[in-house]
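Everything in the sequence shown is counted per the working numbering, starting at 78 for the first residue and increasing by one.
Just to be clear, a hint being listed does not mean it is correct.
With a straight-line cut-off of 27 Å between C-alpha atoms, the simulated DSS-like cross-links for lysine-lysine are [stated by the list, open to error]: (1) K344 - K280; (2) K96 - K168; (3) K307 - K282; (4) K378 - K390; (5) K344 - K144.
Here are the in silico distance ranges between beta carbons for each label pair [to be verified]: (6) T380 - S120: 51 to 61 Å; (7) D104 - K307: 20 to 30 Å; (8) L297 - R162: 16 to 26 Å.
Since the hints were derived computationally from the structure, they do not count as laboratory data.
Glycine included, each C-beta is placed from N, C-alpha and C at the ideal position.
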Amino acid sequence: MESRALDIFLGSLNTDSTKKNYLYWLDRYMEDNKFTSYDELASQTPEKIQTDIENYVMNLKRMRSTKAMVSATVYSLFHFFAMNRVILNEKIIKKLLPEQELKVGGAAYSTEDIRKIILAIDDTKIKKHKRWYYRKPLSKALVLTLASSGMRLGAIPDLQYQDLEPIEDTYSIRVYARTRHEYITFITPEARLALDDYLTKLKLKPDTCFFGLNYDALRLSLYRLVKKAKVSTVTVHELTRLDKEWNPHIKNPRHRLDIPTVHGMRKRWNTILKSDSTINTALIEMMLGHTAIRLDEAYLKPTRETLFNEYKKGITALTVF
């Protein structure tokens, strides 16, 4: 069904991941408030919309929803109504947000943890069906690529074969290639061997997205590997959130993994390289996809070879086996 309110909302968002996330929270709000169309939602009076959102936020707080979840909902709504020319008193709504929870789950994986995850892949029995997380070459390539590159999981689905470029006995990777966020990182020789073992099983074209899975499938599958390897504390809430369609009204206590399922690999990468005082910190930041100093983005333009010379200093420490 056509909807101008939805079209102008989605048309203002630049990336597919942002569209997906904003639309998810907008749809949850509509479902909870029994709206049947986006145009109906946008046609309410500003006073009613303001009151409805305030009541919704207060209700989520009573249900012990996290600040992150409520904020995601609120900012999705702010954007939807702003694009549909509805003026809200955002300051009042922001004042109603829950308090920030105590930050936990910020630890990094150890090299031994990554080793256990790889061994868990080896111990996994291959099923008759073709669900990807039972395909050992893909799983190994994915884990070692993440662990040795410091990449975010969100960059994995769009990686194309043409984004890999050999350099000595490994690969450089153009992350977020063909966007303004593009940057270069590298993987270890060990990770290249695992990746090549997987890639030989594919029919590849330059624009082939070789991992071939969306973010949710990747995250769920990695979570199951981490659980199997027993390297992080798993809670009932995490199971509910990842194995089922997430219900924001769940009443279980909010807990997180001691080590974030994927981000723990990025933290390990960052910790290892920054623990070596001979490696240029600014270049480490660039290989993580951000800069320590904002001006660096405009003025610091190291070559691929310069970045690799710094990365090489950490290869031994990043190697798992």
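Here is what the structure says about each hint:
no.: 1; hint: K344 - K280; result: violated (33 Å)
no.: 2; hint: K96 - K168; result: holds (24 Å)
no.: 3; hint: K307 - K282; result: violated (37 Å)
no.: 4; hint: K378 - K390; result: holds (20 Å)
no.: 5; hint: K344 - K144; result: holds (23 Å)
no.: 6; hint: T380 - S120: 51 to 61 Å; result: holds (55 Å)
no.: 7; hint: D104 - K307: 20 to 30 Å; result: violated (36 Å)
no.: 8; hint: L297 - R162: 16 to 26 Å; result: violated (39 Å)
Of the numbered hints given earlier, the model fails hints 1, 3, 7 and 8; all others are met.
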